[in-house]
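Please arrange chain B on chain A, whose structure you already have, making use of the hints.
Top line first, the protein sequences correspond to chains A and B.
At position 150 of the first sequence the residue is numbered 150 (the working numbering), and the sequence of numbers has no breaks.
At position 26 of the second sequence the residue is numbered 26 (the working numbering), and the sequence of numbers has no breaks.
Among the hints, erroneous ones may be present.
[Claimed, not checked] Derived lysine-lysine pairs resembling DSS-like cross-links, with alpha carbons at most 25 Å apart:
1) A:K43 <-> B:K143
2) B:K42 <-> A:K59
3) B:K126 <-> B:K113
4) B:K168 <-> A:K59
5) B:K126 <-> A:K61
6) A:K61 <-> B:K67
7) A:K43 <-> B:K168
8) A:K43 <-> B:K126
9) A:K61 <-> B:K18
The hints are simulated quantities; they were obtained by calculation from the structure and are not laboratory data.
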Amino acid sequence: MDDLEFRTRAFSNPLDEQEDFRAAADASPERRQLLGELNEFEKDLQRTLMAVDIPGGLKRKLNQHARPASPLRSRRFLALAASLVVATGLALNLFLQPGLSAQDLALHDELVEHMHQEAPSFDNRMDIDINNDSGISWNEIETILAAAGTSLKTPEELAALHMIFARLCGLGGSRSAHLVARGEHGPISIIFIRTAPVSRGVELRDDRFQGRIIPVNEGNMAVIGEKNEPLDRYESMLRDNIEWSI
Amino acid sequence: MSKSTVHGRNNSDSDRRKRYEALVDELYQDVFRYAFWLTRNKGIAEDLVQETFLRAWRAFDSLQNQKAAKAWLFTILRRENARLYERYRPELVDIDDVSVAEDDTGEPDHRQKQVELHQAIMRLDKDYRDPLLLQVIGGFSGKEIADILDLNNNTVMTRLFRARSKLKNILVPEDDAEDADNDLTDKITD
Numbered sequence: 001m002d003d004l005e006f007r008t009r010a011f012s013n014p015l016d017e018q019e020d021f022r023a024a025a026d027a028s029p030e031r032r033q034l035l036g037e038l039n040e041f042e043k044d045l046q047r048t049l050m051a052v053d054i055p056g057g058l059k060r061k062l063n064q065h066a067r068p069a070s071p072l073r074s075r076r077f078l079a080l081a082a083s084l085v086v087a088t089g090l091a092l093n094l095f096l097q098p099g100l101s102a103q104d105l106a107l108h109d110e111l112v113e114h115m116h117q118e119a120p121s122f123d124n125r126m127d128i129d130i131n132n133d134s135g136i137s138w139n140e141i142e143t144i145l146a147a148a149g150t151s152l153k154t155p156e157e158l159a160a161l162h163m164i165f166a167r168l169c170g171l172g173g174s175r176s177a178h179l180v181a182r183g184e185h186g187p188i189s190i191i192f193i194r195t196a197p198v199s200r201g202v203e204l205r206d207d208r209f210q211g212r213i214i215p216v217n218e219g220n221m222a223v224i225g226e227k228n229e230p231l232d233r234y235e236s237m238l239r240d241n242i243e244w245s246i
Numbered sequence: 001m002s003k004s005t006v007h008g009r010n011n012s013d014s015d016r017r018k019r020y021e022a023l024v025d026e027l028y029q030d031v032f033r034y035a036f037w038l039t040r041n042k043g044i045a046e047d048l049v050q051e052t053f054l055r056a057w058r059a060f061d062s063l064q065n066q067k068a069a070k071a072w073l074f075t076i077l078r079r080e081n082a083r084l085y086e087r088y089r090p091e092l093v094d095i096d097d098v099s100v101a102e103d104d105t106g107e108p109d110h111r112q113k114q115v116e117l118h119q120a121i122m123r124l125d126k127d128y129r130d131p132l133l134l135q136v137i138g139g140f141s142g143k144e145i146a147d148i149l150d151l152n153n154n155t156v157m158t159r160l161f162r163a164r165s166k167l168k169n170i171l172v173p174e175d176d177a178e179d180a181d182n183d184l185t186d187k188i189t190d
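Chain A extracted, bound-state conformation (with noise of 0.2 Å):
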């Protein structure tokens, strides 16, 4: 092996240990300097590939995945579950916000489930001293929006808001970027579901939430905080900035 060959096998790998290697390594005092530096590396770059903190609770969230289904969730009960709760929400919202189709109730349901899902995750963030949290940078918040389909035009507003969650959700039957602020009173959601607009703007009826989901052009916004966390501002500053980008 010359010292060409062996150079490009000690970069490609130097734990390499195969015998030919491993006695061209010996051949020569330079070779032995080589590798040994490299494995010097190699242990650098293995301890820095390796310190990734991984998020707390995902590998319960993964093995969720396989949670069978308890008797209450099964298919029949899930089926006549949710038939009574769209009836009822039928009947209550329609009486509450007349004009509302049973698709836009279908999507109020669907997105008080989901900011009860999400809640203990951002929940925690707002536990953390703000003098402490960096938050999520600007970039990731446009990838999230990007892959939802969605920009902003004057970004430069949001910006100023201290992020503290952005996700891909499903909503609606599409990707949906839910977003999440720290508010005065507590955390606040900006969600933009790619989904034919609701009817009207639809409140939400929550024990814990408060906030509206409102047509902007070719899909939704929601703003959602908790019941004393003023939002009207965010709505306005958001309404006229959507841009559907797919």
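Chain B in isolation, oriented as in the chain A frame:
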């Protein structure tokens, strides 16, 4: 349906779930690490890992050989990344955001070296970064990497060579190895 059939199916479901959970337990951390370095974005990496394991669970019966599980998961992850994220995402990564876990040495010099290496890996072109991640995080051989990336083995070895050369040159720019490495890589064909 007879009682024994139902019982048998429950056993089978339970066994399938246990094997899946064992797979998660063994591999989820490496899959997340690979997702992080591939996307260079923690939020997207987490979503990607969830999508990967969801698809793995749905197609779990197609996994015949447990030894191939890691390559199978990494391949699903790469495909989902291409399908869901890659085409939407220009290079919007903040390479100076070094928010990785600290190693257990805690020594300032070590930490500084790790930060520099982290940033150097972030800067590395995807063609070079990808086989390196598969080798170091995945523990795959050149042949396995070639299969995953759909490249030939020589190309993989060349890219691994260049990846390490470039990282060393970024970290030690005064190293005169750069010229020598460039000379060498010119003699290697993809």
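Each hint, compared with the structure:
{"no.": "1", "hint": "A:K43 <-> B:K143", "result": "holds, 23 Å"}
{"no.": "2", "hint": "B:K42 <-> A:K59", "result": "holds, 15 Å"}
{"no.": "3", "hint": "B:K126 <-> B:K113", "result": "holds, 22 Å"}
{"no.": "4", "hint": "B:K168 <-> A:K59", "result": "violated, 35 Å"}
{"no.": "5", "hint": "B:K126 <-> A:K61", "result": "violated, 29 Å"}
{"no.": "6", "hint": "A:K61 <-> B:K67", "result": "holds, 24 Å"}
{"no.": "7", "hint": "A:K43 <-> B:K168", "result": "holds, 13 Å"}
{"no.": "8", "hint": "A:K43 <-> B:K126", "result": "holds, 21 Å"}
{"no.": "9", "hint": "A:K61 <-> B:K18", "result": "holds, 15 Å"}
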